[in-house]
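Fit chain P to the known structure of chain E by using the hints.
Protein chains in written order, with this note's numbering: chain E, 1 to 247; chain P, 1 to 498.
It should be emphasised that the hints constitute simulated quantities derived from the structure, not laboratory data. Some clues are possibly wrong.
Said to hold, decoys possible - Distance condition first, Cα-Cα at most 25 Å in a straight line; then the derived SDA-like pairs of lysine to any residue:
id	chain 1	residue 1	chain 2	residue 2
1	P	58	E	50
2	P	360	P	478
3	P	188	P	47
4	P	108	E	98
5	P	119	E	138
6	P	119	E	240
7	P	365	P	244
8	P	304	E	242
9	P	108	E	28
10	P	108	E	202
11	P	108	E	133
12	P	65	E	230
13	E	69	E	50
14	P	119	E	242
15	P	65	E	242
16	P	65	E	235
17	P	119	E	27
18	P	58	P	105
19	P	58	E	240
20	E	66	P	390
21	P	65	E	237
22	P	65	E	27
What the hints assert, rightly or not - Footprint (simulated), chain P over chain E, 3 or more residues, beta carbon under 8 Å:
id	segment
23	124–137
24	218–230
This structure is a prediction, so every number in the text was calculated from the model and none was measured. C-beta: ideal position from N, C-alpha, C; glycine also.
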Amino acid sequence: MVLGSVFAVLFYLAAIILVIGVASRVARYAQTPAPLVIPTTPAPLTRTGVAARMAREVVFFESLFKGSKWTWLFGWLFHFGMVVALARHLRYFTEPVWWWVAMIQWIGIYAGMAMFVGLTGLWARRLLVDRVRYISALSDHLMLLLLLAIAGSGLVMKYVQHTDIVSLKAFTVGLVTLDWQPLPADGPLLIHLSLVIALMLIFPFSKLLHAPGVFFSPTRNMRDTPREHRHIAPWARDLPGAGPDRS
Amino acid sequence: MLKIEFETPPLGELLTTPALQRDAMAHSRPFVAKPEHQQGLGFPGKLVDDWQDVALAKMDELLGKYRSLPVFLDACVKCGACTDKCHYYLGTGDPKNMPVARQDLLRKVYRRYFTLAGKWFPRLVGAVELSEDLINDWYSYYHQCSECRRCSVYCPFGIDTAEITMAGREILAAIGMGQKYSNEIIGKVHIIGNNLGLPEPALANTLEGLEEEVEEDISVPVKFPLDQHGAEVLLVTPSADFFAEPHVDGLIGYAKVFHQAGISWTLSSYASEAANFGIFIGNYENMQKVAQRIRQAAIDLGVKRIVVGECGHAWRVAYSFWNTLIGPFDFLDPAYPVPQHICEFTYDLLQRGALKLDAKANDDKVVTFHDSCNVSRGSRLGSVPGGQFTIPRELIRFACSHFVDMAPDTIHEHTFCCGGGGGLLTDDLIELRVKGALPRAQALQQVIEQHGVTHMAAICAICKSQFSKVLPYYGMEMDMIISVHQLIGDALVFDSQH
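With the rest of the complex left out, here is chain E (with noise of 0.2 Å):
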């Protein structure tokens, strides 16, 4: 039980900093102006526009395509893989299992394994590719290590060394409803839940930023109407150079 609790109180407060700490990233750039509009034309002319090229870019990587395919392929295997893995688990939250996530149970392994391939192949590239390399910092390695570690030991549970799965199963519900309860202590198990929480805590103080960052990026999320509509950001309508008379 006290296992249980340890990493009860852990889970908390790792979801605790990572929804303050997202949240208050995402409101810095909610509240910081783009003063001009600066698209990356050809751009869209209307908000709908501008929707479906941001659901291109989140759900294709439109741009990476363009830009590298093989980056463009080991990145889409590691995230889409990630979203179906995610999906998966939601079965140890649930109780009974939504009918949906009992379905892509199967899909949920081989989404495991798309996201181990591609994070390897990734760091292959980090580490091969000359450019790449020189622009690789020291945590840019670790993060990659530490989800191949999530990807691997969620891995190794499935096919090598199984947990208990009802309690689990009792703890993450107990988690959901308040009501602790203890948690196995499988190797494999305490290594994934240890490196999921490192992650959580992690994710609002780094480069993971990308992920709401990307919605907030002017070049993918203005319109190209700076003709037809006089775009102005607060701090430039008080300069002396706007005019007494603009609106």
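Showing chain P alone in chain E's frame:
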């Protein structure tokens, strides 16, 4: 006379990614602005004593004024997609010319002073203090970026290195390390009204000379009006159009179009410049002040429309920023877009059948088109996205029978900067300019060999000046580069029926 020794890179195969050559261009830096160039723009005359504090305070201020900065500095994951996209990297192999590495020069300072990770674990995340060495790197490498935005096309988060370069330059100017070339020119615009410092009498004289020259040439009394109150159109064009080759042939082309269309127009001696180097130094206030002259001239002359001549960055400022900086334009005729590009203007006339072109006049030419970076990725022509690519090409096809495009990776949104944009068109950076032109020169060489291309048309004064200067380094003729409106002007059929 400045003498810089360097080797022109071999043309080689199109878009070969070079191996890293560390510090290959660390010696490249433009002249620092003199006190008189700095002070006129509101910057300190020389390096201030507490430059570190001033630089960090400026960075803090910019982080709060431009959302692009915190988002771009936080979001980069070092994926490397941009690393082989910059023409200066492709031409020099210097790793600090990879867009992400250029950003990192500023990002590592941002992390050190403005993020928890960098404050607590600087070595882990590559955060460093703002040292004198680093400031020198900033000065060197933020003047090896032409703000062309090519990297932003390929970035999964749309990170635009131009925004980082502009911030870097603005901080440098704020501590007294502005760049001479850009700041001296902005000073001339503030005082005289154009980049060249060409006063009204000299301009009037030049335009009279052009009238005589054109009339002698084609026996048509094409006018080049100056300060004509009540004209329909105010034309603002880069001042290079008044005298430089091949620019002036473009100006003659615009004048012929106005003449044949029967639309009254005028230049302004007060706002005799479309260029706005305020964008290059990333300074909102200076950009606004430069643009303000044009608004004032339009009001004073009582025109109904403003048309902008062939100039890339000027068009970005005019199209994307004017409404913000000096709008609203409620004193102009709402029937026309404000501002309107000369290519849009001519294209519109052609669509309406108001002009007749005879492509035979250019039958001696096989023409390709160089998309200018600021037009391609920072603005638009016409009413649909991508009009900046189709309209100039259609104009060329109206005016000549033989047109071919360069390799797809080097045109449209993928186009390469000429190598001289972004405030780098100065002799003290000639090595950088030559090397940065490599990708475009490679693509041009390919169409010369495969299609016998004789001319490359462009709609940017900087591109035209740059190519005239650097193409000979690659064994090509300097007069290969021409204005789109030179082709139009030469093909225009003068017909009193129209």
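Outcome of the hint check:
Between the alpha carbons of residue 58/P and residue 50/E the distance comes to roughly 32 Å, so the proposed pair goes past 25 Å and is violated. With a C-alpha separation of about 24 Å, the suggested pair residue 360/P and residue 478/P falls inside the 25 Å cut-off, and the hint holds. Of the supplied pair hints, the one linking residue 188/P and residue 47/P holds, its CA atoms being roughly 22 Å apart against a limit of 25 Å. Our distance criterion of 25 Å between C-alpha atoms is broken by residue 108/P and residue 98/E, whose separation comes to about 45 Å.
Restraint check for residue 119/P and residue 138/E: the C-alpha separation of about 16 Å stays at or below 25 Å, so the hint holds. Annotation: proposed proximity of residue 119/P to residue 240/E is violated, straight-line Cα distance about 37 Å (limit 25 Å). A distance of roughly 21 Å separates the Cα atoms of residue 365/P and residue 244/P; the hinted pair therefore holds under the 25 Å criterion. About 22 Å separates the Cα atoms of residue 304/P and residue 242/E, which keeps this hinted pair within 25 Å; it holds.
Distance check on the hinted pair: residue 108/P and residue 28/E sit about 20 Å apart at the alpha-carbon level, within 25 Å; holds. For a cut-off of 25 Å, the pair hint linking residue 108/P to residue 202/E stands: about 18 Å separates their Cα positions. Taking the CA atoms of residue 108/P and residue 133/E, the gap is about 17 Å. The hint holds against a cut of 25 Å. With a C-alpha separation of about 18 Å, the suggested pairing of residue 65/P with residue 230/E holds against the 25 Å cut-off.
A hinted pair counts as satisfied when its Cα atoms are at most 25 Å apart, and residue 69/E with residue 50/E qualifies at roughly 24 Å. Proximity of residue 119/P to residue 242/E is assessed by CA-CA distance (about 38 Å); at most 25 Å being required, the pair is judged violated. As the CA atoms of residue 65/P and residue 242/E are separated by approximately 16 Å, the hinted pair is consistent with the 25 Å bound. Taken as a hint, the residue 65/P and residue 235/E pair is honoured in the structure, with Cα atoms around 8 Å apart against an allowance of 25 Å.
The hinted pair formed by residue 119/P and residue 27/E meets the criterion: a straight-line CA distance of about 21 Å does not exceed 25 Å. Using a Cα cut-off of 25 Å, the hinted pair residue 58/P and residue 105/P holds, with the two alpha carbons roughly 16 Å apart. Only pairs whose Cα atoms come within 25 Å are accepted, and residue 58/P paired with residue 240/E is accepted, the gap being roughly 20 Å. A C-alpha spacing of about 21 Å is found between residue 66/E and residue 390/P, which places the hinted pair at or below 25 Å, so the restraint holds.
Proximity of residue 65/P to residue 237/E is assessed by CA-CA distance (about 12 Å); at most 25 Å being required, the pair is judged to hold. For the suggested pair residue 65/P and residue 27/E, the alpha carbons sit about 14 Å apart, so the restraint of at most 25 Å is met. For the segment 124–137 of chain E, the assignment as covered by chain P holds, since 10 residues bring a beta-carbon within under 8 Å of that chain's beta-carbons and 3 suffice. Counting residues of the segment 218–230 of chain E whose CB lies closer than 8 Å to any CB of chain P gives 8, which reaches the minimum of 3, so the coverage claim holds.
Against the hints set out earlier in the document, violations occur for numbers 1, 4, 6 and 14.
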